[in-house]
Amino acid sequence: MFRDASLMAGKDLRVELRSHVTTQQVAPFAILMLILFGVALDPDRGILTRASAGLFWVSVLFCSLLAIQRAFTIEAADGGRDALRLSGLDPAGIFLGKAAAIFVQLGALELVLAAGVVVMYGTEITGLPLLVATCLAATAGLAAAGTLYGVLAAGLRVRETLLPILLLPVLAPVLIGATRAFEAALGGAAADGWPWCGLLAAFALLYTAFGTLAFGTLLEES
Amino acid sequence: MEPVVQLHGAVTLLGRFPALAGIDLEVAAGEIVLLRGPNGAGKTTLLRLCAGLLPVARGQAVVLGHDLANRRQARSLRRRVGLLGHATGLYDELTVADNIHFWGRAAGASPTDIIAALTACGLDGRLAGLGVATLSAGQRRRTALACLLARRPELWLLDEPHGGLDQDGRDLLDDIVRQAVASGATVMLSSHELDRAAALAHRVVTIVGGTTDALDPLPTSEEPVLVP
Amino acid sequence: MTAPHTAPPGPAGTSSRATRGLGVLSLAGLALLLGYALVWSPPDVAQKDAVRLMYVHVPTAILAFTACAITTVASAMWLRRRSEGWWVLGGAAAEVGLVFTGICLITGSIWGRPTWGTYWDWDPRITSTTLLFILLVGYLALRSIDNEAGGAAPRGMRGAIVGLLLLPNVMIVHFSVDWWRSLHQTATITRLDPTIEGTMLFTLMLGIVVFGLVFAWLLIHRFRVGWLEERAGATGLDQALVERRAEAGLAAAGGRS
Amino acid sequence: MVAMTYAGYVGAGWGIALVSLAIYALRTVRRGRALASQVPPEERRWS
Chain A
1 MFRDASLMAG KDLRVELRSH VTTQQVAPFA ILMLILFGVA LDPDRGILTR
51 ASAGLFWVSV LFCSLLAIQR AFTIEAADGG RDALRLSGLD PAGIFLGKAA
101 AIFVQLGALE LVLAAGVVVM YGTEITGLPL LVATCLAATA GLAAAGTLYG
151 VLAAGLRVRE TLLPILLLPV LAPVLIGATR AFEAALGGAA ADGWPWCGLL
201 AAFALLYTAF GTLAFGTLLE ES
Chain B
1 MEPVVQLHGA VTLLGRFPAL AGIDLEVAAG EIVLLRGPNG AGKTTLLRLC
51 AGLLPVARGQ AVVLGHDLAN RRQARSLRRR VGLLGHATGL YDELTVADNI
101 HFWGRAAGAS PTDIIAALTA CGLDGRLAGL GVATLSAGQR RRTALACLLA
151 RRPELWLLDE PHGGLDQDGR DLLDDIVRQA VASGATVMLS SHELDRAAAL
201 AHRVVTIVGG TTDALDPLPT SEEPVLVP
Chain C
1 MTAPHTAPPG PAGTSSRATR GLGVLSLAGL ALLLGYALVW SPPDVAQKDA
51 VRLMYVHVPT AILAFTACAI TTVASAMWLR RRSEGWWVLG GAAAEVGLVF
101 TGICLITGSI WGRPTWGTYW DWDPRITSTT LLFILLVGYL ALRSIDNEAG
151 GAAPRGMRGA IVGLLLLPNV MIVHFSVDWW RSLHQTATIT RLDPTIEGTM
201 LFTLMLGIVV FGLVFAWLLI HRFRVGWLEE RAGATGLDQA LVERRAEAGL
251 AAAGGRS
Chain D
1 MVAMTYAGYV GAGWGIALVS LAIYALRTVR RGRALASQVP PEERRWS
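Residue numbers (my numbering), protein chains in the order written: chain A, 1 to 222; chain B, 1 to 228; chain C, 1 to 257; chain D, 1 to 47.
Hints were generated in silico from the structure; no laboratory data involved.
Keep in mind the model is a prediction, meaning the values are calculated, not measured.
You may find that some hints are simply not true.
Stated by the list, open to error - Just some of the chain B residues that point at chain A, by a computed CB distance under 10 Å:
#1 17
#2 52
#3 53
#4 65
#5 67
#6 75
#7 88
#8 90
#9 94
#10 131
Each residue gets a CB set at the ideal place from its N, CA and C atoms; glycine is no exception.
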């Protein structure tokens, strides 16, 4: 299973290295969102600094939609689903591999976004351990739930429009938890944030476990 | 020795449509069987069924000893067969070599097998480093064939394998199929290149309306032999 | 919502003797509930007469979440048994649940205006119920696509997985939203005084029972509609096989002529 | 119902609730009638 997962993740990351979709399209989109927030909300009032945690995670959420769509566009091309089913790869391995590749790409995007928030919104980084732990847990949750719902929508003619409505309500807890944890860390009250981090970790575990179990059936029959 | 493919009254549904409406077919080990019939007769569906990709709704289907009525057995069958379909399953963003390495390793092929497959399909050298997106249709087919070869399948299921290939490519394909059979594999293929495919095949099976009511021997007459 | 007066000999629809009885009972119950809710029960001390909206709001909320639970259970059963009935039930419960969720949100919002002074407050229950509404919309959208895609697979797997995750998702969302608000603000005005008693408590209970009857009536009818949709235009497998095999004869005749 | 406070809100809430239930019920019954004619009676186990 883990051999298959690493093979799959390696393949997805190699595709990204050659196509540069995340670096040349999704990352600029993320920065663009930060700029749009800045334009829409009056930057002089300090709103951006106060809301930076929420804006950061909203941006991550929208970027994750793009990353997930992308991850399954690769597979949908030219009969990829049949090929995957015939490949001999363990479905659980495929799930973990794709989720891991999304995790890595989202992690990189978060670094870009964090730099953007610090530079453009004047946010001061405090409580770094909590920030990092929150990012890891939240990103794992996004990747796991996203991979599961991504394969659900993949292969449908309306996938681009269907995925957001299926996935975003499910990810609402991640947005809430990650934002609160960030606010706690940035507000110097890290102790308040750790329970949220725990919630995020539980969410990630739940979806990873469910995805590992259900992915085979989904790949099989949808 | 038990036949590799045993289908008795096999029915397969695509949605509600019975694409296969009762197939009776036995294929012995080492045989090359040509499936022919008009478009929409069910040839592709039959090959996909034998690959373990589709469930049997009725009747019996046992391939390489795996009972296809059992989902788990159907799934474990898949790594033992190789299906070359209309879609190639290649990743456009990756190179030829990357693709063959990925699909080969996914099926557990050794690096030497993978290199051998690349060479056998004439894809070593300059072509190996090209992105699949830049390939011609024929070169894509070759790449897909190499992926298949690297898997060393026991049952080869070739859906219109000659389509899109040039003269050299077709000769190459026929050679590869003959070599595979010589080393113990079994082959089912569909083709509209009837002359070429018939020369390759040991036996021709005609499918019409999702059934195999006619099993006619080689060589065939001009007029199709069909049982109403 | 009345049953047909006379059962015609031909195509009847989705009603049966049982549902007609249930329908009459629901209508009578609604009349009684209206009497209690609007006339015979006293106004609340704090909420005044706005409390009368609670008698529709609370029961619809309970039933909305019940519908959600039914969909999840039906999806789980479909995954086990693969029988059509469970598939149809999952969709029927979700659709009826969507209607009840909508009513719950609207009445809650209308209630909020006189009580809180605003139509919308970031109350945990409003937020999570709204997300439930969207989850149900998404689930139904996915099912409607499943219906039209006649792929090789026994269709419905996607819908079943999303249906299975419906209740867990609602619970996670509810929990996290609840926690989110409670950490940062003191509890909002309690929606219904927990110490209510007498006529008001009776009216609320009556509301739950009556709307439960209405829910059951709708669910049964919607289930039957779904069942008919599955069957409409579907010829049996045997018939389809005969037609498919006949293509061979046609081709042969064409080839010989 | 003498001098009920917030009568407008209460009326609107109940009105919307009952009307939307009635519309949905009617729609469901209509759909059922339309479909029933396309399905043989032996498939309609309830009637």
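Structure-based check of all given hints:
The criterion of a C-beta within 10 Å of any C-beta in chain A is not met by residue 17(B), whose closest approach is roughly 17 Å, and the hint is violated. Satisfaction of the interface hint for residue 52(B) is found here, the shortest Cβ-Cβ separation to chain A being roughly 8 Å, below the 10 Å cut-off. Here the hint on residue 53(B) is kept, as its CB sits about 6 Å from the closest CB of chain A, short of 10 Å. With its C-beta approaching chain A no nearer than about 17 Å, residue 65(B) sits outside the 10 Å limit, and its interface hint is violated.
With a cut of 10 Å, the hint placing residue 67(B) at the interface with chain A is violated, because the nearest CB-to-CB distance is about 17 Å. With its C-beta approaching chain A no nearer than about 8 Å, residue 75(B) sits inside the 10 Å limit, and its interface hint holds. Look at residue 88(B): its Cβ gets to within about 6 Å of chain A, closer than 10 Å, so that hint holds up. Of the supplied interface hints, the one on residue 90(B) holds, with its beta-carbon coming within about 6 Å of a beta-carbon of chain A, less than 10 Å.
A least Cβ separation of about 6 Å between residue 94(B) and chain A falls short of the 10 Å threshold, and the interface hint therefore holds. Look at residue 131(B): its Cβ gets to within about 7 Å of chain A, closer than 10 Å, so that hint holds up.
The structure does not agree with the numbered hints 1, 4, 5 stated previously, though it agrees with the rest.
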